[in-house]
Amino acid sequence: DAKTTQPPSMDCAEGRAANLPCNHSTISGNEYVYWYRQIHSQGPQYIIHGLKNNETNEMASLIITEDRKSSTLILPHATLRDTAVYYCIVRVPTLQGGSEKLVFGKGTKLTVNP
Amino acid sequence: GAVVSQHPSRVICKSGTSVKIECRSLDFQATTMFWYRQFPKQSLMLMATSNEGSKATYEQGVEKDKFLINHASLTLSTLTVTSAHPEDSSFYICSARGLREQYFGPGTRLTVT
Numbered sequence: 095d096a097k098t099t100q101p102p103s104m105d106c107a108e109g110r111a112a113n114l115p116c117n118h119s120t121i122s123g124n125e126y127v128y129w130y131r132q133i134h135s136q137g138p139q140y141i142i143h144g145l146k147n148n149e150t151n152e153m154a155s156l157i158i159t160e161d162r163k164s165s166t167l168i169l170p171h172a173t174l175r176d177t178a179v180y181y182c183i184v185r186v187p188t189l190q191g192g193s194e195k196l197v198f199g200k201g202t203k204l205t206v207n208p
Numbered sequence: 010g011a012v013v014s015q016h017p018s019r020v021i022c023k024s025g026t027s028v029k030i031e032c033r034s035l036d037f038q039a040t041t042m043f044w045y046r047q048f049p050k051q052s053l054m055l056m057a058t059s060n061e062g063s064k065a066t067y068e069q070g071v072e073k074d075k076f077l078i079n080h081a082s083l084t085l086s087t088l089t090v091t092s093a094h095p096e097d098s099s100f101y102i103c104s105a106r107g108l109r110e111q112y113f114g115p116g117t118r119l120t121v122t
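Protein sequences appear in the order of chains X and Y. Residues in the first sequence are numbered consecutively from 95, following the numbering used here. Residues in the second sequence are numbered consecutively from 10, following the numbering used here.
Treat the hints as calculated values from the structure; they're not laboratory data. Predicted model only: the values in this text are computed from it and were never measured. Note that beta-carbon positions come from the ideal geometry of N, C-alpha and C, so glycine has one too. No false leads were mixed into what you were given.
Quick list of in silico lysine-lysine cross-link-like pairs, BS3-like style, CA-CA up to 30 Å:
hint, chain 1, residue 1, chain 2, residue 2
1, X, Lys-97, Y, Lys-64
2, Y, Lys-29, Y, Lys-75
3, X, Lys-163, Y, Lys-50
4, Y, Lys-50, X, Lys-203
5, Y, Lys-23, Y, Lys-73
6, Y, Lys-29, X, Lys-195
Looking from chain Y toward chain X, a few residues come up when the C-beta cut is under 7 Å (computed):
hint, residue
7, Thr-41
8, Leu-53
9, Ile-102
10, Glu-110
11, Gln-111
12, Gly-114
Only chain Y is shown next, with the shape it has when bound in the complex (with noise of 0.2 Å):
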């Protein structure tokens, strides 16, 4: 099945950073891609939808200048979470659109201190 990575896996940062996922579709091109959050024990939330060389869609109650997305090519999109607090400590998917389904990355858990 079509392969879609995240970088990095885990990471830590302190308060007031900023931090940048990267979600790559690995053997196919993605024009549409999603960003999830999960908190422990709940379920997938969608954050937003990124379409390549367009903005992103944003969910309702989803802060969009807080959570930058980036989708530049149709194998990369890139989600910053800016000035990082302790309450955005999350598990961050992220999703591509194949031809057929929807493929999920394996996940980034950001621990912010």
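In isolation and in its complexed conformation, chain X is listed as follows (with noise of 0.2 Å):
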């Protein structure tokens, strides 16, 4: 799998958008940029993943530049609870017949202060 790059920390206000970068430069074509996130002392939580498109759901937005070699992470309104570490992972997914292991980087460590 790729490797990604992530800024160590970041800060937000409360009720504010949260926007997360992390550079993949050496993506695959046929690899996915996927997003975890892990509240302290919990087990990581799947947050959304994309291919090319921008992607959008109930926790996240997920932006792809149109080369691939970086994304972002949106968090449109981020609350206290939205505190953790957040991974970014590129890989083939496993029914394309990816490796099954996910593999963590130092993620980014998001503080939302009040």
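Dock chain one against chain two, each of which comes alone in its own frame, and use the hints as you go.
The following block contains the structure:
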């Protein structure tokens, strides 16, 4: 799987949008971008994933650049409960023959301030 | 979403004893489960991949005789830390592969005294 680069930490004011960047300049054509988050002392939680089109669900939006070398996870109205470590992972989906392993990098520690 | 449970949520044991951690997929069958370990202020490190009815595949550097994994059914995998030492104290997290995504358990905090 390709490597990703994320800033180690970010701050965001409660109620504002949190924009978390991820660089994946060596991503392959069949690799998807996945986002997970881990709230302190809990297991990781799946957020969203995408290939090349922008995606949105009830938790977040995922914006992938046209060249697919970077992406941004957007939490539109951050709350204190969104304080967590956010992990960006690129991989080929298992159903498409990719490795089942999820390899976690260091992620971004997002702190939402009141 | 799919639910994965772990038991116990935290355990304290004495050095030299063995500890078993259970991971269950509650509302789906998981042919593949994963075990991770996380030390304080570090990221998750994959320890092993567990397939139902077969031997687990361990990552490089993980002692298979120390961390025994059993995946006897489609909803249960167990991790046994044998002859535990203080350096085995960590946060152990399991993950189960569902139809679309991997789902993680809440983790087990192991403290070896």
